[in-house]
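Generate the whole structure from the sequences, applying the supplied hints.
Here the protein sequences come in this chain order: A and B.
Oh and the first sequence: position 39 is 39 in our numbering, straight run, nothing missing.
Oh and the second sequence: position 140 is 140 in our numbering, straight run, nothing missing.
Be a bit skeptical, because a hint or two may be false.
[To be verified] Just some of the chain A residues that point at chain B, by a computed CB distance under 10 Å:
no.: 1; residue: E109
no.: 2; residue: G110
no.: 3; residue: G112
no.: 4; residue: C114
no.: 5; residue: L144
no.: 6; residue: M146
no.: 7; residue: Y151
[What the hints assert, rightly or not] In silico DSS-like cross-links for lysine-lysine, where the CA-CA straight-line distance does not exceed 30 Å:
no.: 8; chain 1: B; residue 1: K81; chain 2: A; residue 2: K92
no.: 9; chain 1: A; residue 1: K88; chain 2: B; residue 2: K194
no.: 10; chain 1: B; residue 1: K81; chain 2: B; residue 2: K194
no.: 11; chain 1: B; residue 1: K89; chain 2: A; residue 2: K92
no.: 12; chain 1: B; residue 1: K89; chain 2: A; residue 2: K88
no.: 13; chain 1: A; residue 1: K88; chain 2: A; residue 2: K167
no.: 14; chain 1: B; residue 1: K81; chain 2: A; residue 2: K138
no.: 15; chain 1: A; residue 1: K138; chain 2: B; residue 2: K273
no.: 16; chain 1: B; residue 1: K49; chain 2: B; residue 2: K111
Derived by calculation from the structure, the hints in this document are not laboratory data.
The model shown is predicted, which means the values in this text are computed figures rather than measured ones.
Ideal Cβ positions, reconstructed from N, Cα and C, are used throughout, including at glycine.
Residue-level listing of the chains:
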Amino acid sequence: MEGVERPQPEAKPLHLTSEPVCIFLWKESAGRNRLGIEPGLLQAPSTGLQACSVRAEVIVAMKLHVDDTVQSGRVEVTFIRANGERIKATGKEGDSLLDIVVNNSVDLEGYGACEGTLTCSTCHLIFKKEDFDRLPDKPTDEELDMLDLAYDLTDTSRLGCQITMTKELSGLEVQVPATVNDARS
Amino acid sequence: MKLLRLGHYYSHHCFLPRRRLTSTVTSIPKICIVGSGPASFYTAQHLIKTVPRVEVDIYEQLPVPFGLVRFGVAPDHPEVKNVINTFTKTAKSPQLRFVGNVTLGRDLSLKELRNAYHAVVLAYGADKDRELGLKGEQLGNVVSARRFVGWYNGLPCDTDFPVNLDVEEAAVLGHGNVALDVARLLLTPIDKLKSTDITEHALEALSRSRVRHVKVIGRRGPLQVAFTIKELREMLNLPDCITVCNPFDFETVRSAVPNLERPRRRLTELLCKAADLSPSGNVDSNSRQFHLVFFRSPLSFQPSPDVPDTVGSMQLEVNQLDEQQHAVPTGSTETVQCGLVLRSIGYRSTQADPDVPFDIDRGHIPNISGVVQPGLYVAGWLATGPIGVILSTMTQAFGVGRAVEADVSSGRVDVSQARPGHTAIGKLLNDRGVTTVSWKDWERIDAVEQSRDIYGDYPNLKLNRWVSARK
Numbered sequence: 001m002e003g004v005e006r007p008q009p010e011a012k013p014l015h016l017t018s019e020p021v022c023i024f025l026w027k028e029s030a031g032r033n034r035l036g037i038e039p040g041l042l043q044a045p046s047t048g049l050q051a052c053s054v055r056a057e058v059i060v061a062m063k064l065h066v067d068d069t070v071q072s073g074r075v076e077v078t079f080i081r082a083n084g085e086r087i088k089a090t091g092k093e094g095d096s097l098l099d100i101v102v103n104n105s106v107d108l109e110g111y112g113a114c115e116g117t118l119t120c121s122t123c124h125l126i127f128k129k130e131d132f133d134r135l136p137d138k139p140t141d142e143e144l145d146m147l148d149l150a151y152d153l154t155d156t157s158r159l160g161c162q163i164t165m166t167k168e169l170s171g172l173e174v175q176v177p178a179t180v181n182d183a184r185s
Numbered sequence: 001m002k003l004l005r006l007g008h009y010y011s012h013h014c015f016l017p018r019r020r021l022t023s024t025v026t027s028i029p030k031i032c033i034v035g036s037g038p039a040s041f042y043t044a045q046h047l048i049k050t051v052p053r054v055e056v057d058i059y060e061q062l063p064v065p066f067g068l069v070r071f072g073v074a075p076d077h078p079e080v081k082n083v084i085n086t087f088t089k090t091a092k093s094p095q096l097r098f099v100g101n102v103t104l105g106r107d108l109s110l111k112e113l114r115n116a117y118h119a120v121v122l123a124y125g126a127d128k129d130r131e132l133g134l135k136g137e138q139l140g141n142v143v144s145a146r147r148f149v150g151w152y153n154g155l156p157c158d159t160d161f162p163v164n165l166d167v168e169e170a171a172v173l174g175h176g177n178v179a180l181d182v183a184r185l186l187l188t189p190i191d192k193l194k195s196t197d198i199t200e201h202a203l204e205a206l207s208r209s210r211v212r213h214v215k216v217i218g219r220r221g222p223l224q225v226a227f228t229i230k231e232l233r234e235m236l237n238l239p240d241c242i243t244v245c246n247p248f249d250f251e252t253v254r255s256a257v258p259n260l261e262r263p264r265r266r267l268t269e270l271l272c273k274a275a276d277l278s279p280s281g282n283v284d285s286n287s288r289q290f291h292l293v294f295f296r297s298p299l300s301f302q303p304s305p306d307v308p309d310t311v312g313s314m315q316l317e318v319n320q321l322d323e324q325q326h327a328v329p330t331g332s333t334e335t336v337q338c339g340l341v342l343r344s345i346g347y348r349s350t351q352a353d354p355d356v357p358f359d360i361d362r363g364h365i366p367n368i369s370g371v372v373q374p375g376l377y378v379a380g381w382l383a384t385g386p387i388g389v390i391l392s393t394m395t396q397a398f399g400v401g402r403a404v405e406a407d408v409s410s411g412r413v414d415v416s417q418a419r420p421g422h423t424a425i426g427k428l429l430n431d432r433g434v435t436t437v438s439w440k441d442w443e444r445i446d447a448v449e450q451s452r453d454i455y456g457d458y459p460n461l462k463l464n465r466w467v468s469a470r471k
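In C-alpha cells form, the structure reads like this:
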C-alpha cells in the first residue's frame, strides 16, 4: 500500500545468545521485517542458526538479546596466571571482568567469592600501568577499602568486579596475583 | 624405595596392617573434615577438584552447616554470606557428604576417624573466647561479645543469653572487627535492623534497649587497631550517632602516616579524620555516641550500687607503648561507668578430643602449612589462630587441600588400600544413638527459613530451634 515513507531502521547485526525461544518475524516491506533486521544478519554465532527468507512467516528459535546498543561488541581479555599460563576469554561490552571469568568458567579458584558486592577481595587483578591509567572509572573508597585487604597489592591493582569492559579495553591483559600459598609452592 | 616406605609407616604409627605396597591407587581415597565453615568447604572444594575419585565427608557439630558465615557475620552484612552459594555448589557434589549433629570428642573420637579415613582434616574453628581473669568478671552483664553475636545470629546455645540492655553506658573491650560489629548493632537505628535476618528475640531486645553510649576500649593506640577500614567507615557513618575520640591519643600518630603501607595508611588517615571531627567540649548526653578509647586496659569490675550482682563501673589502667609497640602500664588509673561490658579480646579454639595435638598456650593446633603429619591436617582458625577474613581462610584452606593432594599422590598417605569411611562411621553413630542431619535435611530447614519471608526482601530468618523443622 502506498503510504508515507517511513524512515528505515538501519540494518545492524544482532548478537544473540544460544538460548532458544521462539520469535516471529514477518514481512512488512520488501527485504525488511518488522524488526527492521536484514535476515542474513540475524544469526546466533554459537548455534549457527540463521533466519530464513522474509517472504514467509519465520519462526526462528533464537532469543533476542535485548540491549540498548543493538550493536553489542564482543570483547576479549587475557588472564595471565601466576605460573605464566595465559587464558583468553571473551564477553560483551558492559560485562565486568568478574562476569567474564564466571561466564567463561575461567579456572581461578575462589574468584569472586562475594559475587561482586564489594565485600571481599578475591577478584583482585593487576594491570599494566598504561591499562590501569586508562580505565575509565577510578576506584571508589568502597573498592579501595576491600582492595586494601588483598594479597600482593600493587599500585596498579583493581577489583575485577568493578571493571566494566568497553570496546576500547578489548584485548586487555591482566595478571592474576599469586596467593600467599602459590608464592611458596 | 619400599624400605623407606616401611620405615615411614613405623614412625607415624599407621594403623594399616602391613600389605604389599603398590604405587597405583586401587581404591577410592576417603577423606573427612571436622567442621563445616569456610575452611572446611574450601578445603573440600580443592580436594574434589584435584584428588581423583576422592570422597569427602564433612562432620559438623551443629545440625546446620557454614559455621561463622552463618553465625558470625553480622545480620547487616548479608553480602558477605554470598559465599554460601559457592559452598552449596560444593556440597551438592556427589563426592561430598554432609553429616550434621555430630560432635568430635563426644559422639566419635579422632582415633576412630583416622582408622576409617585415609586422611582427616580438622577445621572446627574457635568456639570459645579468651577471658581476662579479672576481679568482678563474673558479675552480671560482663559478657562475651562472641556470645552476644551468637545471640543475635541465632546460635541455639546463645538464644537465652543473659544480656540486659536496660542501661545507658556500654563498654566493649577490644579493637577488632567483632568489637565494632557489636558496637554497631548496639548503636544502629532499629529500623535498619528490621530488614535483616537478625533473630526475633534480639530485634525485640534491641528495640527496647536504653544503650546510648558505647565505648570501644583497646589497650594500645590508633596505629595498632585490628579492625579494618570498611567496618570503621560504617561506624563513622552511623546515622544519628556522634563519634568521640581523644585528640591526645593521636599526637604521635599523624607523623607516622606517610611511612605506612597503603592499607594501614588509609585506615589511620580515616581515624585521624574521625579525631579531627570529634566534638570538643560537652556532647548532648541523649545522643547516641561511639567512643574510641585507646591506651586503656581493664583492671577490675565493680558492682552497680542499684542492681545487685551486676556491673556498674570498671577500673582501667592507662598504658603507653614501649619500643616494641607493646602496651605497658603508666601507673595511672581511671574509673568508667558502664552497666554492660562486652569482652571482645579474641576467640579461642579447644582441644575437642584427647588425641588432638592441641597447644594450650598458643590456642591452636601446631602445623606447617596445615600439615600436622601425613594423614592429619588442620584448616582455618584452628590452624592459624582466630584472625583474618574469609580471603585468608580461603587461601589457607586451598593450601591445606594442596598439601593433602601432594601427600596422596606421593604415597605419603597410602590410598592403595580401601578404608571404610562413612560405612564404618555411620554405623558407629547409629549404634550410639546419634541422630545425624544430611544435606537434604539441611535443605528442608533452609526451605522453612526461606519461606518465613515476612519482610519481603530479606528471607532467611534463622530458625534457632530445628527439631520441629526436621520432622
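Results for each hint:
no. : hint            : result
1   : E109            : 6 Å, holds
2   : G110            : 5 Å, holds
3   : G112            : 9 Å, holds
4   : C114            : 5 Å, holds
5   : L144            : 7 Å, holds
6   : M146            : 7 Å, holds
7   : Y151            : 7 Å, holds
8   : K81/B x K92/A   : 28 Å, holds
9   : K88/A x K194/B  : 45 Å, violated
10  : K81/B x K194/B  : 18 Å, holds
11  : K89/B x K92/A   : 26 Å, holds
12  : K89/B x K88/A   : 25 Å, holds
13  : K88/A x K167/A  : 16 Å, holds
14  : K81/B x K138/A  : 27 Å, holds
15  : K138/A x K273/B : 22 Å, holds
16  : K49/B x K111/B  : 27 Å, holds
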